[in-house]
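J.: Construct the entire structure; sequences and hints are all you get.
In order, the protein sequences belong to chains A and B.
Just so we're aligned: 281 in the working numbering is position 138 of the first sequence, and the numbers increase by one with no gaps anywhere.
Just so we're aligned: 115 in the working numbering is position 103 of the second sequence, and the numbers increase by one with no gaps anywhere.
Do not rely on the hints blindly, as some may be mistaken.
As the list claims (entries may be wrong) - Keeping only pairs whose Cα atoms sit at most 20 Å apart, straight-line, the calculated DMTMM-like set for lysine to aspartate or glutamate is:
id, chain 1, residue 1, chain 2, residue 2
1, B, Lys211, B, Asp222
2, B, Lys211, B, Asp70
3, B, Lys104, A, Glu429
4, B, Lys211, B, Glu147
5, B, Lys104, A, Glu423
6, B, Lys211, B, Glu77
FYI, nobody ran anything at the bench for these hints, they're computed from the structure.
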Amino acid sequence: MASRLVPALLLAAALALPFVAPTYYVQFASKAMIMGILAMALNLAVGQGGLVSLCHAAFFGLAGYVLALVAGRYDPPSLLTTLPLAVAASAFAALVIGALALRTRGVYFIMVTLAFGEMMFYFFHDTQFAGGSDGAFVYFKPVLDIAGVQLLDLDKPLVFYFVVLALLIGTIALLTMLVRSPFGHALSAARDNERRALSLGFPVFRVRLIAFTISGALAGLAGYFAAAQFGFVAPQMLGWHVSATALVMVLIGGLRSVTGPLVGALVLIGLEEVLKATTEYWKLAEGLIVIAIVLALPNGVRQLMPLVFGSSGDDAAAPAKDKVVKSAAGASHG
Amino acid sequence: MVEVVTDVALRAEGLQKHFGGVSAVSDVSLDVRAGEIHAVIGPNGAGKSTLINLLSGDLSVSAGEIILDGQDITHLPPDRRARAGVGRSYQKTTIFSQFHCYENVRLAAQAHAARPLKMFGNVRSDADVNRRTAEALEKAGLTERADVIANHLSHGEQRQLEIAMVLATAPRIILLDEPLAGMGQSEARRIVDLIASLKAGHAVLVVEHDMDAVFELADRLTVMADGQVIASGLPQEVRMHPAVRTAYLGDHGDAA
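T.: Following this line, the structure appears as structure tokens:
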């Protein structure tokens, strides 16, 4: 009951927000949701797959750069062509990097992904084709035109907000479906014991590569909208700092649920906003609070939800199936 | 001849495995027939575990070939071999320790479903997988423990779980690497009975140190020493074999 009530209330609040809050906060909420998509995307690799990636900013930034590069100076770019292109570029990068990095394990995987991420950073930083270290502008926000009729103009903060909200919900739906599917269970099984997953017959490398690619594509989705929102891309968008921030969001929110990282993103970005307004040393304060959260709630702030609202829904690794066993056993007897 | 071929589930021919200059398995040929338990014994370092790893694909062979039901699986990776019908347990219990007992076995059944990596649909809605999971749990005597996290099972129950997982993959051949290792008397009894029941419908190859269990279970016996087969045959024949008595059963001084 409560597990359905909470999302419903949150959704109602999200739908009402732009009509009661000033534009600044609507944009702020859009930014937070975009980072939430990035964190949830990363968590498919980290939480479900056990693949601690430090190059997701590269997928995030690459999609932003694709938008900046294909968008014209004089006309708004079309959402219909630039978005798939940007996401496909990120997916392809994730496929290539994943195919190489997934040959390593554990801390080596972290280091290899970090190295690939930094390669992408320096590629955009040290070459001039996309503005080098100065970055590049996205002069117009994308629009959705079909047969000459303008359906969506992302230049309007309200439209932008609702598009991002829809994508956020879509991302949650997609990830929830994946995590609950046979594919998702195979992915987390390989995280728990790779050798056993292999000897049962799961093609572990392929499962991980597919998950890593989907994760990278969703990070690209977030990056496209981040670039569209700021109207600007810079190499820092691809740097390890953004990757690490997304990882912190995952850790704050909790690894074992789809929406935990979203909560983590909202907490971290909200925290930053509050601390920036109160103290000059906000980074120090933020660091201390993050440490406190991770120490006090090793499974993330998401673990507070059941305490407050009763049991919650989407934990992939806790399949309580008393009834299934009994009924299936009964069927085999009868 | 034809009769024998159809009977043989798994055949290994001239298997070799070298690690650098060291030869762990230098020349091993054996076959395992459907409906029999074939035990492999030998002193420590004889290459028994290496042999199982070669058969399961956990290690790649240096030379030789492995035939499963007439199909050459010598160069298949472990997951493809598992799909082809090779199931195995490990010397050190290898299960999904963070998952429920049920989920462990269900994953095994899922791995051999028609579409094991389907990206939509709830995993619990596959009736065929659920049925095979329940059957394997029951056969291994774990139905009552289905809701326990695997990590919280006793050592003996974890070994039972590993066998239940192998059963749920409906294998042609089951490879068991020291299934009784580190087990108390009563636990061992349960596992021996379980292993004895496996040969109905499966070919079983078991590596084991417990001689009482080996002579109770084995239909045929292969003795290895220094990476080679030194004797093979019915348990009574092998027991009497002079080379075996020197290398393994009798003279402990020379065995090391």
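J.: Run every hint past the structure and note whether it holds.
T.: Here's how the hints hold up against the structure:
no.	hint	verdict
1	Lys211(B) x Asp222(B)	19 Å, holds
2	Lys211(B) x Asp70(B)	23 Å, violated
3	Lys104(B) x Glu429(A)	44 Å, violated
4	Lys211(B) x Glu147(B)	16 Å, holds
5	Lys104(B) x Glu423(A)	55 Å, violated
6	Lys211(B) x Glu77(B)	24 Å, violated
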